Amino acid sequence: MSSETNKILTTDGIPLEESLKKAERKNKIKAFLLVCPLLLFLIITYVFPIGEMFTRSIDDKMITNMLPNTFKSMESWDGQEMPEEEVFKSFYIDFKTLVEKKEHGKLGQRLNKEKNGFTTILKKLFRQIQRNKIDENGSFKEQITSLHKRFNNVEYWRAIKRTAPPYTMAKYLKGMDLFIDENGSVAQVEEDRRIHRILWLRTLEIAFFVTVFCFLMGYPIAHLLATLPMKYSNLLMICVLLPFWTSLLVRTASWMILLQQQGIVNDFFVMIGLVSDDNRPEMMYNKVGTYVAMTQILLPFMVLPLYSVMKTISPSLMRAGKSLGGTPFVAFWKVYFPLTIPGIGAGCLLVFILAIGYYITPALVGGASGTLISNQIAYHMKTTLDWSFASAMGLMLLTGVLVVYWIYNKLVGVDNIKLG
Amino acid sequence: MALPKYTETRYRVWHYFYLGICTFVFFFLIAPLFVIFPLSFNAEEFLVFSDGMKRLDPDAFSLRWYEDMIYGTKNPWGLAAKNSFIIAIFATLGSVILGTVAALGLSSRHMPYKGLIMATLISPMIVPLIISGVAIFFFIAKVGLAATHLGIVIAHIILGTPFVVITVTATLSGFDHSVTRAAASLGSNPVNTFMKITLPLILPGVISGGLFAFVTSFDEVVVVLFLAGLDNTTIPIQMWTGLREQLSPTILAVATCLIVLSVLILVSAELLRRRSERLRGINR
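Here the protein sequences line up with chains A and B, keeping their order.
Numbered continuously in this note's numbering, the first sequence closes out at residue 420.
Numbered continuously in this note's numbering, the second sequence closes out at residue 1284.
Do not take every clue at face value.
Taking lysine-lysine and the DSS-like style, the derived pairs with C-alpha atoms no more than 25 Å apart in a straight line are [claimed, not checked]: (1) K149(A) to K113(A); (2) K1005(B) to K322(A); (3) K1196(B) to K26(A).
Just a few of them, taken from the derived set where beta-carbon distance is under 7 Å, the chain A residues facing chain B [stated by the list, open to error]: (4) V35; (5) L249; (6) G357; (7) A390.
Just so you know, these hints were derived from the structure itself, not from any lab.
Predicted, not measured: the structure shown is a model, and the values here were computed from it.
Think of the CB as a built atom: it goes at the ideal place given N, C-alpha and C, for glycine as much as any other residue.
Work the whole structure out from these sequences, hints included.
This is the structure we're talking about:
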C-alpha cells in the first residue's frame, strides 16, 4: 500500500488533517478577536493600574534622585565610623542643588521619616548656604559637623545610607505596624501607635462573624425555598431578591432608623419589658450595629448560591436515606448536607470577600469600631494623599483575598462555585 | 410542607422550630425596607413614629419631604438623579456591548486559554471594591478624566461587565449552535445571523446582565467617591453625605423612590429569567 491511500484528502486535494487544523485555527482567531475588545479594555484600565499600585507602593526613587552624588560616594562607606570627607562634599553638592531648585524641604521631610531630627539640622545647613558661609575650598566635613552635633552622629549618616535603594518595603511594614530601626532590622512601633494591626484583626473578625451569621441564617431559608412547592417559594423568594436589588445605602439607612436609641427595635424591647424605658441599650455606633446591618445586607449573597445548589438535589435521596433506616437527622447530615457543600463554599466565599472589602455600612452604623481596613485605604487616598501607602495596604488586602481563594480551591474547587 | 401523620413528636417540634427560624429570617430580610416607607410621609422632622402616626391621624402624615426632595432650595437631588441616570445608562450600554461580544467568544469551544481569560474578565467582581477603586482612580487620573462623567462611566463599565459576561455565557451554555449553522448554510452572513438568530435567543440573558450592570452603576459609591467632583455627584454620594451628616426625612423620601425602582427592576429581572428559561427549554 502506498502512503497516499492513508491520507484522506479533501476535494481541494489538501490532506483533511491539515484542512481541519486550518479551520480550527481560523475559529480560534475568530473567538479570540471577539474577546479582544473587552480584554484589552480591562488590561489597560484595570490590570495595569493594579500593577501600578505595586510599583507605587515600593517606589522610593524620589530621594534617590535627590542625592545622587551622596549615595555614590557612600557606596564604599561601611557605615561603622563617620564617613569620609568625600561623602560630606557630595552631600553638600547635592544639597546645594536642591536649595537652588527649592526642593530641600522635601528632602527634610523624607529624611525625618527615616530618623527624627533631620528637619532642624538641614534647615541650619540651608541657612549657612544661603548666607554663603560655607567655604567651598575648606574641609566640608569640619564645617558641616560643626553646624550641629547631630551631623557628628554617625546614626544620621546611616539613616541617609538606608534610603539609597530606589525601592523600599517601608510602606508594607508600616501597614503591619513595623518599621526599620537604626540598625536596619525590623522592629515594632510603640504600643500606643499600633493602629493597623487592630484594623486588620477587626476587619477579619467582622468578615468572619458576618459569614458565620449569614450561613446560620441563610441555610434554613435556602432549604425551605428549595423544598417548598413553586407557588409558595416564588413568593418567599421576593423577600430575598428585593433586598438584593435595593440600594445598599437605602438598607443602611433603614438600619440606622431601626437601631437608634429611640428606634423601633428599642421600642419593641421596652414594650416586651426586656429593657426599661430610661435605660435603652445603644445598638448603633458599635459592633452590634455593624453585625446586624452587614448580615442582613449580605444574606442574599449566601442564600442565592445555596438555593441554586439545593434545587438540584433530588428529594428522593432523603427518602432513600430514611428508608434505609436513617433518622431524619442522620439522613440530613449524611446525605443532604454533603451535597450542599459546593453551595456553602460559594456562599461563604462570596460573603467573606464582600465583607472583607466593605466599609460603607460599618462607617455609618459602626461608630468608632466601624473603621475597617478599607476606610483606612480610602482615608489615605483622599485625605493624607499617601497613595503609595494606600496602594500597599490595598495589595496586602488583595493578597489576603487571593489566599482565601487558594484555600477554597484546595478544599472545594473553584469549578464547584455555583452562582444563582 | 405538611408533615405525614406518623411523624414523631420530637420531629414535629423540630419542624415547627425550623419554620419559626425561617419566618424570623424572612422577616429580618424584608422588614427593614418597610420602615422607610411610612416614615417618609412623616409630618415631623424626627425619624421616629410620632404619636399621631401611631393613631393614623391624617394630620401626622404629609408629603413635605417629597416636596423638599423635588423643589427644596439648594437641593442636590435633581442634579444627582440626572447624573446617576446618565452615568448608569451609558455604563450599562458599554458593559452590555463589550460583555456580550466577549461572552460570544468565550463560549466558543475553540477559545484558547479560556480559564485564564475568564478569570481576568470577571476579576473586577472578585477583587474587593476598594482595591478596584484605587486602581481605577490611578488610571482615570492619569488620563485626565477625574471628575468627569466619562471617567465614572469607564469605571462603571469595568465593574459592570463581569455580570454581563457571566449571565450571557450562562445563557449561551444552553444555546443550540446548529441554528446559527443552519442560518449560515442558508446564506446569511455572520452579522446578520447574530442580529436575526442569536441575539433574539440570548436577549433575556443580555438584558438581565444589563440590569445587573445598571444596578451596579446606579448603586455604586466606593469608586465614585474617589472619582467624582462637585458636578458629578450621584444619588449614592448624596445619600452617603446625608447619612454621615444627619439623617433627614428627605433621604427617606429618596430611599422610598429607590425602593420603588428596585421593585420595578426585580419584577423585570424575574420576568426575563422565566422567559429565558422557557426559550432555553428548561422546565422546572
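How the hints compare with the structure:
{"no.": "1", "hint": "K149(A) to K113(A)", "verdict": "holds, 19 Å"}
{"no.": "2", "hint": "K1005(B) to K322(A)", "verdict": "holds, 16 Å"}
{"no.": "3", "hint": "K1196(B) to K26(A)", "verdict": "holds, 23 Å"}
{"no.": "4", "hint": "V35", "verdict": "holds, 4 Å"}
{"no.": "5", "hint": "L249", "verdict": "holds, 4 Å"}
{"no.": "6", "hint": "G357", "verdict": "holds, 2 Å"}
{"no.": "7", "hint": "A390", "verdict": "holds, 6 Å"}
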